[in-house]
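Enquirer: Sequence:
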Amino acid sequence: MIIYPAIDLFEGKAVRLLRGDYSQMTVYSNDPPEIAADFKAQGAERIHIVDLEGARSGSTPNLETVLAIKEKTGLFCEIGGGIRSMEVIDKYLSAGTDRVILGTSAVTEPGFAEKAAEKYGERIAIGVDIKDGFVAVKGWTESSGLDAFEFCRTMQGYGIQTIICTDISRDGAMKGTNRELYKQLSEEFSMDIIASGGVSDMDDIRALRALNLHGAIIGKAYYTGAISIREAVEAAK
76 MIIYPAIDLF
86 EGKAVRLLRG
96 DYSQMTVYSN
106 DPPEIAADFK
116 AQGAERIHIV
126 DLEGARSGST
136 PNLETVLAIK
146 EKTGLFCEIG
156 GGIRSMEVID
166 KYLSAGTDRV
176 ILGTSAVTEP
186 GFAEKAAEKY
196 GERIAIGVDI
206 KDGFVAVKGW
216 TESSGLDAFE
226 FCRTMQGYGI
236 QTIICTDISR
246 DGAMKGTNRE
256 LYKQLSEEFS
266 MDIIASGGVS
276 DMDDIRALRA
286 LNLHGAIIGK
296 AYYTGAISIR
306 EAVEAAK
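For what it's worth, my numbering labels the leading residue of the sequence shown as 76, then goes sequentially.
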């Protein structure tokens, strides 16, 4: 299993939200590339980045910071947040980002994810943000009314190889990850599944590893010191 330490960007800073609520934002660093360098020093090989401003605007306001993270570390970097057009996908991937994550656009624009996957293959991932069994959109502010498992089935049919699944109720709450959800996903689908939201301690890492998931994203637990990236990387192997 691969550990993906996370950096959420807002106005060029590394921040965290509680359950996707922009009014509950904590700023952890004014130097995200330095955070990324620490990830690398602790043995991480991949970084998960979310542009929280982009998630609301559909643009790329933190592109320079994303590229600075890539340049400083040389690590595999995936980026999500407001990627709603082929132009934005092209912009990120041509600039050197390794993979982009489609969220709202994969739900609200029929065929968009399929078209992106046809063009870029494994460089396209889908973020499946789940609230009460349904896919949430627009920075988690709205429910799409789509059953999460049906949506994943559709994405698999499109040739999507990676899904990043977040249980919104657990995100940033430090209450543990939803192991039953990831067990169901791993049994149901052949895609690479990355667990996100609520990974709070080493027990979560070991439990997700036992499910043979492709990866796990560590966010708040790193910033609060609850999880050492070095220990998580070792435990995930």
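In short, the hints are calculated from the structure, not lab data. One or more of the hints may lead you astray.
[What the hints assert, rightly or not] Mimicking DSS-like on lysine-lysine, the simulated pairs with C-alpha atoms at most 27 angstroms apart in a straight line are: (1) Lys88 <-> Lys166; (2) Lys115 <-> Lys312; (3) Lys206 <-> Lys166; (4) Lys258 <-> Lys312; (5) Lys258 <-> Lys194; (6) Lys166 <-> Lys190; (7) Lys166 <-> Lys147.
[As the list claims (entries may be wrong)] Here are the computed distance ranges between Cβ atoms for each label pair: (8) Tyr97 <-> Phe209: 18 to 28 angstroms; (9) Glu184 <-> Arg254: 28 to 38 angstroms; (10) Phe209 <-> Asp96: 16 to 26 angstroms; (11) Ala170 <-> Phe209: 28 to 38 angstroms; (12) Ala116 <-> Glu86: 34 to 44 angstroms; (13) Asp276 <-> Gly118: 36 to 46 angstroms; (14) Gln259 <-> Arg281: 30 to 40 angstroms.
Glycine is no exception: its CB is placed at the ideal position from the N, C-alpha and C atoms.
Enquirer: Are the hints correct? Go through all of them and say.
Expert: Hints versus structure:
The straight-line distance between the Cα atoms of Lys88 and Lys166 is roughly 21 angstroms, inside the 27 angstroms bound, and the hint therefore holds. Between the alpha carbons of Lys115 and Lys312 the distance comes to roughly 16 angstroms, so the proposed pair stays at or under 27 angstroms and holds. Straight-line distance between C-alpha atoms of Lys206 and Lys166 comes to about 30 angstroms, which puts the hinted pair past the 27 angstroms bound. The hinted pair formed by Lys258 and Lys312 meets the criterion: a straight-line CA distance of about 18 angstroms does not exceed 27 angstroms.
Proximity of Lys258 to Lys194 is assessed by CA-CA distance (about 31 angstroms); at most 27 angstroms being required, the pair is judged violated. With a CA separation close to 16 angstroms, the supplied pair Lys166 and Lys190 stays within the 27 angstroms bound. For a cut-off of 27 angstroms, the pair hint linking Lys166 to Lys147 stands: about 19 angstroms separates their Cα positions. Between Tyr97 and Phe209 the beta carbons are some 21 angstroms apart, a value that agrees with the proposed interval 18 to 28 angstroms.
A hinted range of 28 to 38 angstroms for the beta carbons of Glu184 and Arg254 is consistent with their spacing of about 32 angstroms. Checking the proposed 16 to 26 angstroms range against Phe209 and Asp96 shows it holds: the Cβ atoms sit about 18 angstroms from each other. Taking the beta carbon of each, Ala170 and Phe209 are about 33 angstroms apart, inside 28 to 38 angstroms as hinted. For the pair Ala116 and Glu86, the beta carbons lie near 25 angstroms from each other, so the given range of 34 to 44 angstroms is not met.
Against the hinted window of 36 to 46 angstroms, the Cβ-Cβ separation of Asp276 and Gly118 comes to about 18 angstroms, which falls outside the hint. At about 19 angstroms, the beta-carbon gap between Gln259 and Arg281 misses the expected band of 30 to 40 angstroms.
Comparing the model with each numbered hint stated earlier shows that hints 3, 5, 12, 13, 14 do not hold.
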